[in-house]
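J.: Each chain, written out:
2 protein chains.
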Amino acid sequence: MPDLWIVSEDSFDPAKQHHKETIFTIGNGYLSTRGAFEEGYVDDHRATFVHGVFDDVPIGFTELANAPDWLPLYVLLNGERFSLSSGRVESYERHLDLRTGVLTRKVRWHSPSSHAATLIFERFASLDDEHLLCLRCSIAPDFDGTVEIRTALNSNMDNEDIAHWQCVEQGAFPSSKRDLREVTYLRTRTRATGIELAQAMRLLVSHTPSQSAFWDTQSIPTLSLTFAARRGETITVDKFVGIATSRDTTDPTDPVSMAVEHVKSPQSWESALEAHQQAWGREWERCDVQIEGDDEAQIAIRFNLFQLLIAAPRHDTHVNIGAKTLSGFGYRGHSFWDTEIFILPLFIYTAPHIARNLLDYRFERLAAARQKAQTNGFDGAQFPWESADIGEEVTPTWVPHYADRTKLIRIWTGDIEIHISADIAYAAYLYWQVTGDESWFIEKGAELVLDTAKFWASRAEWNNEAEHYEFNDVIGPDEYHDHVDNNAYTNYMARWNLQTALEVLGWLKLHTPAKADELSQRLGLSPDLLARWKEVLTQIYLPVRPNGLIEQFEGYFQRRDVDLASLEPREISAQALFGIEGCNETQVIKQPDVLMLQYLLRSDFTGEQVQLNYDYYTLRTDHTYGSSLGPSIQAIMACDVGKQADA
Amino acid sequence: MPDLWIVSEDSFDPAKQHHKETIFTIGNGYLSTRGAFEEGYVDDHRATFVHGVFDDVPIGFTELANAPDWLPLYVLLNGERFSLSSGRVESYERHLDLRTGVLTRKVRWHSPSSHAATLIFERFASLDDEHLLCLRCSIAPDFDGTVEIRTALNSNMDNEDIAHWQCVEQGAFPSSKRDLREVTYLRTRTRATGIELAQAMRLLVSHTPSQSAFWDTQSIPTLSLTFAARRGETITVDKFVGIATSRDTTDPTDPVSMAVEHVKSPQSWESALEAHQQAWGREWERCDVQIEGDDEAQIAIRFNLFQLLIAAPRHDTHVNIGAKTLSGFGYRGHSFWDTEIFILPLFIYTAPHIARNLLDYRFERLAAARQKAQTNGFDGAQFPWESADIGEEVTPTWVPHYADRTKLIRIWTGDIEIHISADIAYAAYLYWQVTGDESWFIEKGAELVLDTAKFWASRAEWNNEAEHYEFNDVIGPDEYHDHVDNNAYTNYMARWNLQTALEVLGWLKLHTPAKADELSQRLGLSPDLLARWKEVLTQIYLPVRPNGLIEQFEGYFQRRDVDLASLEPREISAQALFGIEGCNETQVIKQPDVLMLQYLLRSDFTGEQVQLNYDYYTLRTDHTYGSSLGPSIQAIMACDVGKQADA
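Protein chains in written order, with my numbering: chain V, 1 to 647; chain P, 1 to 647.
Derived from the structure by calculation, the hints contain no laboratory data. Please read all numbers here as calculations on a predicted model, not as lab measurements. Cβ atoms here follow ideal geometry from the backbone N, Cα and C, with glycine treated the same way. It is possible that part of the hints are untrue.
Here are a few chain V residues that face chain P, going by a calculated C-beta distance under 10 Å [as the list claims (entries may be wrong)]:
{"id": "1", "residue": "Tyr74"}
{"id": "2", "residue": "Asp216"}
{"id": "3", "residue": "Pro396"}
The calculated DSSO-like cross-link candidates involving lysine-lysine, where the alpha carbons are at most 30 Å apart (straight line), are [unchecked claim]:
{"id": "4", "chain 1": "P", "residue 1": "Lys264", "chain 2": "V", "residue 2": "Lys407"}
{"id": "5", "chain 1": "V", "residue 1": "Lys324", "chain 2": "P", "residue 2": "Lys407"}
{"id": "6", "chain 1": "P", "residue 1": "Lys106", "chain 2": "P", "residue 2": "Lys264"}
To list a few chain P residues with every Cβ distance to chain V over 10 Å, as calculated [claimed, not checked]:
{"id": "7", "residue": "Lys20"}
{"id": "8", "residue": "Arg150"}
{"id": "9", "residue": "Thr317"}
{"id": "10", "residue": "Asp360"}
{"id": "11", "residue": "Glu503"}
Let's have the full structure, built from the sequences with the hints guiding it.
T.: Have a look at this one:
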């Protein structure tokens, strides 16, 4: 019977290397490290991302800087360096234990001149102490001779293109550099943002090395330990790495002390692992989901939960989870509505303290959201489509054309994909409703709901002819269609936001009149403004047919109807098939806006209406090559209409 | 009496570090290395650029990749690392000997715990063997104790932003890694273009080290040598580095062998230096300019000659000299008309083989120039405004706005600064006229002149009303004014190009009728086309007033006339002062197009006309903050009109 907590592979395929690095990512909510190998390969995409450590880039404004590499550990058997691309690999297996977040690799290797050994690599990012990283290498040689271990901290990392780090300093404690039981450290700094990051390394070994050396190589302090190898006797090296940044320390010029402090704390591998496992035990107790009768689904949901748990900031309210979490370079670590609509529910229901941290991130960036609204001529808070460090809009305005490098493509999402402001208000409200955390909502959540409502009221346009309010020139969640008017998702969510703001203000007036007064004053919630909110919300245009069929946006039903099923099998997205402009002219959608809307505001719709819209939009959605955000909602709504098999 | 071959500094000022790195650049026509220090500083801009080693970048398409660093050499006195930013610097001096291209630094330093030594660093890039780099460090300690030298090859270099290199391999010959007299090597590869670059390091030492170690640190192979130090006894370490790329080798996967071969060749520092000095002797014999009575001018002209000599490719016809030579990151190593109009004359008159290499670079990129013409709807060869590896246009089309990162600025020079095609033809013709290298001109030069003429004839537009040919929507050398019609420089040079092409074809028909036939056939030079050339060239509009005053472009005299003198003193360019658009509307110019034109086509103008235009345009030129290309021509034309003092 398979262990339903283990993700495994039993061979190494260089062609799948980058994909597997993502799958075997480990992390602890402070940082994540991709599943690249300790010994390194020329084409690997090795990366460690630390929350909040952003640095400037052209075009994309800012990105998470791939941190100095704590993994390097090379093994030499009688002078021959272990590598999966030389000698002979007799056996190979790798396991990620989702229950404990420990990644284990076991390789039986024969060197080019036929010295064999079994090598086991284990690593984890401590969930007990998020500033502690642990790596164990055990070597069981089949020969008498030498085993050499070289291990380093490497500041020469880049984001596959931009180099972000300057090496500021390195050294060893105590200054007697030969005492390997002590600590080697590295201090680095991001070039534009000046964030300092320190790593401190400490080794514990099973045997006394016959030779040891500290290679004080500039930017890559390295330790070399040579052991007398005896057939069948396992040599173990435990590498602990403490990590801290100037974001964590009270003295921003001294992250080294903090890194050193954390690397010195563990007594042993076993004690560090024990504390780490206990911390994971508490996580799973809160949030494991058990599925009986479907092993694949069981592992899959645990894998997904694990991915969110390792990306979730537990002690930092100034960071958020990027669209690729901390597991890859995509989207540069920027956060989107994905956090509020797709990620937050898990935490709201299982780990409210994490949900609160993520919402605090938005609350503390209200000033930037107000600035964005003001720049665009609106009131209230308009949150950025892509958000990073300080909460300014970091969606690239233009990107180079994928086919013709002399051309550019204008990216409009940062300008007009405005639904995110309602999504954030929705999440703040949901958090309150589910957790009952009244004090947080009074102190922070209410302001998120009220100030976004202000934005919506100012963004609404009165159509004199049709006698209703409109939201024109927007992009809904379905990004195959841009510059549309009256996107159903956007308009419904705006109405919800205004309606909820009025209710929240009423509730505040009843329960904490002082806070209600303070907010009313500070946000300028005059009786006139509230009257205007009511006027707007009752007259927002909602594009619904008499039979209940919702039109995704004004004019959508007039676009060309494509029989998607007839195009199967295909291996590219509908957008690639028809072109950006061509796709815009069809009814094919990247993800189902209307279903998403009915999922979020379920009580606004009858079962019959949900069914009608489900049937209509399911046929027109690019399920396979559209948005990765689509299938989850699609599956939920399939269950809603009783189509469990489809789900 | 000062040595008029020496550029010196007598103190180290961190604030001027980057400027001085440029000044103290050394090179040999194959590569250049900026004058950064061996021991390295966090904020230095250390760089080695190797001709032709381009790699991809966003926006700017391609750039010279800052090569792996061959300089690292750290000195530790009794364990304390030498640095200008610690301890006490008792004296400091640095000299670049222009006669020999040897850079020498002499520092008297006291360590924090007061161990003093005199350190001398010398370096040169051999002009005798362009694949050989030489660095000597001499340490005269004032104490008994230890002196440690650490020296490395470092593949972790980037262009202050983009990282271009992957470390492919490293090691030592022979495999016995402890024999330091032997060779340590590093093999790297550019990420996008896949150019391999190898460096091989070999040390010769004056004393037997008491300890030595090879630190096989990943990506930075390092040697550590510890010597017993005795007061007053000078320890000398000579570091030789061989360098080769896959562009140089017949087997592109084996640049290491070539680098090793070159590093093994020198017998000693003295013999390598001797061969190098002899090579420089031959250079200066050809091209030294002696100025009596003005020491500053004497050193300045030798410095300028030196800069061109170290950037000039002697054995490679597939590279050109970038606008910043090989001494800095600016313009990404791209070549402009600077080469043909400002740089080539030196080589045409003093080193024709180098001039020919540079012209061959253009000849071998005719296919790309034809492609550019064709893409734009023209015939013949239209050379790119910015050229790099393969000769396609690499001017960035858009660059981020300097003040508002969400905006872009359209760069038009790659589209419409078309005069470069005539400039290249002009240089090819000048080379022939001066050197008499008939065989080259017949084989290659003539085609450059003929095919650019084809371009001009197809680019000319007939103005039915005015009854003349025009070149509209262009940028002349003066880039303060873009999208102008009938720029005088462009139109005169186009006329020259067409006229010269007809003469060249006539000459070919007389002297090598077979080549004339072959070219006529291949380039389609039919009688009709030649008749058209004649028609165009005799009817090109030349904007000249009856009194001989040339209008820089049509309508220039109607632009606002600004009294530049009245704006003095100022510390910003006229363009910064008035804004890009504002400056466009004035008569203020970045560099004097009309003077440039009269300089190149001097015999087309009377002395009186030159004087008239000199007086008019001198007053309207932004001499101090305009183009660095302006002053040289301004000075030459000042002499022409008898104003030696102005010159």
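J.: If a hint holds in the structure, say so; if it doesn't, say that too.
T.: Now the hints, each set against the structure:
Annotation: interface hint on Tyr74 of chain V holds; nearest CB of chain P at approximately 7 Å, less than 10 Å. Using the Cβ-Cβ criterion of 10 Å, the hint placing Asp216 of chain V at the interface with chain P is satisfied: the shortest such distance is roughly 7 Å. Against a cut-off of 10 Å between C-beta atoms, the interface hint on Pro396 of chain V holds, since the closest Cβ of chain P lies about 9 Å away. Using a Cα cut-off of 30 Å, the hinted pair Lys264 of chain P and Lys407 of chain V is violated, with the two alpha carbons roughly 49 Å apart.
Restraint check for Lys324 of chain V and Lys407 of chain P: satisfied, since their Cα atoms lie roughly 27 Å apart, inside the 30 Å limit. Between Lys106 of chain P and Lys264 of chain P the CA atoms are separated by roughly 28 Å; this keeps the pair inside 30 Å, and the hint holds. At roughly 20 Å, the least C-beta separation between Lys20 of chain P and chain V is larger than 10 Å, which holds for a residue marked as non-interface. A cut-off of 10 Å between C-beta atoms contradicts the statement that Arg150 of chain P is not in contact with chain V; the least separation is 7 Å.
For Thr317 of chain P, the condition that its CB be more than 10 Å from all CB atoms of chain V holds, with the nearest at approximately 27 Å. Consistency note on Asp360 of chain P: stated as away from chain V, and its beta-carbon is indeed over 10 Å from all of that chain's, at 27 Å minimum. Consistency note on Glu503 of chain P: stated as away from chain V, and its beta-carbon is indeed over 10 Å from all of that chain's, at 36 Å minimum.
Violated hints for the displayed structure, listed by number in ascending order: 4 and 8.
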